[in-house]
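Listed below are the residues making up each chain.
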Amino acid sequence: MPAGQSSSASNLDRERYVARFREMCRIREFETAAIAASNEKLVLGAIHPSIGQEAVAAGVCGNLRRDDIILSTHRGHGHTMAKGADALAMMRELFGRAGGTSQGKGGSMHIADFSVGMLGANGVVAANINIAAGAAHAIKLKGEDKVVVCFFGDGAINRGPFLEGLNWAGVFKLPILFVCEDNGFAATTRTKAMTSGDGPAARADSIGIKSETVDGNDIAAVDEIASELIDEARRGTPRFLVARTYRLTGHTSSDPAPYRPADEVKERWLNDPIENCRQMLLTAGVDESELSAIAEAAAKEMKDAYETAKASDWPEKDLAYVDVQDIGDPRGGAF
Amino acid sequence: MAVMTYIDASRQAVAEEMRRDPMVWAVGEDLGRGGVFGQYKGLVDEFGPDRISDAPISESCIMGAAVGAAMTGTRPIVEMRFSDFALCAVDELVNQAAKARYMFGGQTRVPLVVREPIGMWRSSAAQHSQSLEAWYAHIPGLVVAVPSTPADNRALLKAAIRCDDPVVFMEHKNLWALGGDVPDGDDVAEFGKARAVREGKDLTIVSWSAAVHTATEAATTLAGEGIEAEVLDLRTLWPWDKDAVLASVERTGRLLVVQEAVSVAGFGAEVAATVAENLHPALKAPVKRLGAPRIPISYAPVLEDQVRITADAIAAAARGLVKT
Chain L
1 MPAGQSSSAS
11 NLDRERYVAR
21 FREMCRIREF
31 ETAAIAASNE
41 KLVLGAIHPS
51 IGQEAVAAGV
61 CGNLRRDDII
71 LSTHRGHGHT
81 MAKGADALAM
91 MRELFGRAGG
101 TSQGKGGSMH
111 IADFSVGMLG
121 ANGVVAANIN
131 IAAGAAHAIK
141 LKGEDKVVVC
151 FFGDGAINRG
161 PFLEGLNWAG
171 VFKLPILFVC
181 EDNGFAATTR
191 TKAMTSGDGP
201 AARADSIGIK
211 SETVDGNDIA
221 AVDEIASELI
231 DEARRGTPRF
241 LVARTYRLTG
251 HTSSDPAPYR
261 PADEVKERWL
271 NDPIENCRQM
281 LLTAGVDESE
291 LSAIAEAAAK
301 EMKDAYETAK
311 ASDWPEKDLA
321 YVDVQDIGDP
331 RGGAF
Chain S
1 MAVMTYIDAS
11 RQAVAEEMRR
21 DPMVWAVGED
31 LGRGGVFGQY
41 KGLVDEFGPD
51 RISDAPISES
61 CIMGAAVGAA
71 MTGTRPIVEM
81 RFSDFALCAV
91 DELVNQAAKA
101 RYMFGGQTRV
111 PLVVREPIGM
121 WRSSAAQHSQ
131 SLEAWYAHIP
141 GLVVAVPSTP
151 ADNRALLKAA
161 IRCDDPVVFM
171 EHKNLWALGG
181 DVPDGDDVAE
191 FGKARAVREG
201 KDLTIVSWSA
211 AVHTATEAAT
221 TLAGEGIEAE
231 VLDLRTLWPW
241 DKDAVLASVE
251 RTGRLLVVQE
261 AVSVAGFGAE
271 VAATVAENLH
281 PALKAPVKRL
291 GAPRIPISYA
301 PVLEDQVRIT
311 ADAIAAAARG
321 LVKT
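One line per chain: the protein sequences are L and S, in this order.
Using this note's numbering, you'd call the opening residue of the first sequence number 1 and step up by one each time.
Using this note's numbering, you'd call the opening residue of the second sequence number 1 and step up by one each time.
The hints are simulated quantities; they were obtained by calculation from the structure and are not laboratory data.
This one's a predicted model, so the numbers in the text were calculated from it and none came from an experiment.
A hint or two may mislead.
As the list claims (entries may be wrong) - Covered stretches of chain L (in silico footprint by chain S; criterion: 3 or more residues with CB under 8 Å from a CB of chain S, positions within the stretch not fixed):
1. 105-112
2. 129-139
3. 317-326
Where a beta carbon is used, it is the ideal one built from N, C-alpha and C, also for glycine.
So that you can see chain S by itself, here it is in the shape it has in the complex (with noise of 0.2 Å):
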């Protein structure tokens, strides 16, 4: 075990997967100088620019490219810096990747990574701090992750760089510095696995990505007040692993989702839609969501603080829900 951040998770399993397979190479604007934040620091060292290549600003063509290279036997890793982006390449990911093995009767496989940093980091406003996990779990053909601990970066990225078919890669940028334990060895995540962060009787929060540590927060408050949270962690929303889920809530009775992204029409709403389905009767409180309000986000942090789910907005929910 050792510690390290998030963000050296990540370069870790990069390089390692690099070393592993010849056929495995990253892809996008200013990677030789190490990426836009640092991801991949000194890897152009190592591997070389055909490997760890620069590309143009051209999002759509750094997409497509992949797709091309990745149906003619080489592993890219795509990087779009933010999820925002990405939307320039939403064709080459949406109508291209996803849909080749299919549409072409299983003749192709698009292995490719990319990665999209979502969230709200440093006052960065409207174009650079979206979560845009939900539009991708809504695609067939897509894997997406959402990894929220330095050990699971490095362990899903390691899987995405192995997965046959297209995944969707979301690091949270404002985890990007947080330390914690990294198993040793070659530690590949299983996709479609939650993880449980605490246990807890009275009532089960599902989150993802930087809103599990908020959730843990609020948690810990409750904890205090005698309120026992289970807490689970999706870590991936296609597969989403809906077992551990319902086998959580049936024993609690009670479902609250944590998202940073827009409620409306997020990925929560699938989650609360599934438990609601299958789980009615096991209910002790109406499943609850919490997530942003459907505006787009502010550079002021007063106005910025209007979409960010607090660990104080979290408590308060459960509470409510704890009571019914």
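So that you can see chain L by itself, here it is in the shape it has in the complex (with noise of 0.2 Å):
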């Protein structure tokens, strides 16, 4: 079977699957909530909603072990939460509030949960490439079990890191998958307007990173070939994954995204992947009041959340010269 066609209904893995609409679900009432409460002005700075994009997420963290590593981007929610993160830690997180995943140093951005593998989002588009090469470096050097997932978006493939890490993890033949999610644009500009050649797969492949191209709003199709270079990369290949996607809200929240027309939303909205899954669960069979328990749960777990980390405190103020390095005064008065 190719890649980028799901399996048929009759033999789908249905606790597999129910376990993944359960992810994606959980992610977009998470998300959900942080852009209310981005509205509302509890989450302060920007946040970037992945909407849309939540099968990848959960289709290759799924895939998974707890102590595999997987590195972000700015667009993180949904990778963070589908490697094990707490919801309620990364809504105080974003909130900027005491027991955040990063006691509020870091936000949404910087959304990392060391305990889980999630060596961190980045605020850097493609900065996360060579750092992930070097965590997928380290794992071979110490000859452990362990691979690491690289995600960044089609955007990164135009920055110098996405030619120096594929080189990096090639050459060093790494545990490492590579994954492109393909949303088509870059912050606000259409990715192909600003990119030569061919894109992300034909990259991959002129630098020997063989690739495969997968329907990204198709979260078996995600789920099986994840699976496969995944472990693949694990025994020290290094692999690349494009998952075609589409970014329904705008850059950030408070983008409106006037820069794309109306009908194409709506009809990217006819191609949801969480809907998607749905109707795949459905045709084999599960229950619809199952798969309504499930989306209830997961909103209000998050509503839940919300309203946590909205009663939650503020980190103690002297937090803020904790964590800079073991020597030197941060206050200047040292030495």
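Hey, can you piece these two chains together into the complex? The hints should help.
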């Protein structure tokens, strides 16, 4: 079966895809709550929603072990949650409150949870590619049985680290899967207008990192190809996955995205990956009530996270001076 | 005590730390062949190509990969060949290495050392000669070391490799062949402690890296004229030994800062401002900085010399201060 086509409904692993459905609903509800909080000025800085791209996060991270590693982008809530981070700690981080994943020091754009192998979202496009290559390099040096997944967008392929990091992974034969989430936009510009050549897959192949392309809105297709490529990467062959998807919201939660026609967005909502997954499960015989209950539970979990985060304390102000470095007084007074 | 060169002292530090800790490894262009200056010569024979690792000419990825490898339990020594080339990896050093511990709320550490040789050397012109230490002293999260002697190169490099935070380690290219006494045993420096090269009562000369030797030469000349200059080698610029500098200037009442770098917004400005802020009533003369003019470094010796701080210039500035 070529990549990009999912299993037929009859032989579907229902438990597996119900779990993926649950994860996608949780990501959607988390971001919906975060956007509301942003509109209410409770989430302060910019947030970059991944609404419409949830199948990539759930399908890829669902195939990872807890001690496997991911690195993400400014649009990283979905990856982080799918890798196992606690939603309340994440919500507190977005609110800048005590008990956040990074104690309120990073916010949305630097969301990270090292306890589940999530080594950070990054505010600099493509910067995570080199860091991910290094994490994979350390796995190889230590002889560990782990793999690294590095997520980035289609805009990242025009930065230098894309070339340097992929070349590095190929030269050192590192256990890494690069996942390019191709949502068609580099910030607020169509990526194609600013990209010479045939795009991410062609570039990866030209560097010697073999690529596959998948419909990123088809959870089963993503899940199957991710499973295969992660296995291969774990054995020391770096691989590359292009997941074609669409960002249903703007670049940030405050971007109304007037640079694209309303009809285009309306049509893309008809290809919502969560609804696609729901239909697939219904066709496979899963009860509608079971799926509704999952969706409602996700909504409640994130509403509760929102309320708890809102009621949480701000960090102690002295925390501003902690974790700069072990030596030297950050106030400039010592030495 | 053994006599060895500045470059051999650094090689010994790397070898000893790699024997001590199997998580230490070095990565950079041409390391298997010994590195561009021979700093790693022979090390691949003992430690193998995985731990003395060649790298593509990809400064951004050398530094970025080291950040990832440092966050996941190894301790990389990053070789940048020239501090000028490390500018290709400033995002990885400044936005990533220096920030990760803090912006992730203490979830991680980035124990890497980046070796960035600085300074003027054999008519190397504008892109192989710069002294950019002040840039990194400005960045929260980074340690900046600027050794001037073989003993310090060994002891500071050992400390840098053991440090749990990123260290910018700036050796001066013109010092590779400099010989000197190096203590035996596991001599590990403490960051932020200046060394008094010589004592004196009439003025304090604060310097670091190769300029320390020029300042010392000037101090010897001055001593012949009855002017006793105290020379302090800062050794690290972050943290820097503010206490030692203030104590010395409090005694002498005069400060001259000597640096090879461009004087404008150089680290000497930080030293001068700190002394002026804290010791104004005790000063017998205005604080004084000597550094390079704000021009790129040339190839032709006669042009290159326009940016070089000389012992004569230092002595002249010192005389001016003492006369005040």
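So, going through the hints one by one against the coordinates:
1. For the region 105-112 of chain L, the stated coverage by chain S holds: 4 residues have a C-beta nearer than 8 Å to a C-beta of that chain, and at least 3 were required.
2. Look at the region 129-139 of chain L against chain S: 11 of its residues bring a Cβ nearer than 8 Å to a Cβ of that chain, three or more, so the hint holds.
3. Coverage of the region 317-326 of chain L by chain S holds in this model, with 5 residues showing a Cβ closer than 8 Å to a Cβ of that chain against a need of three.
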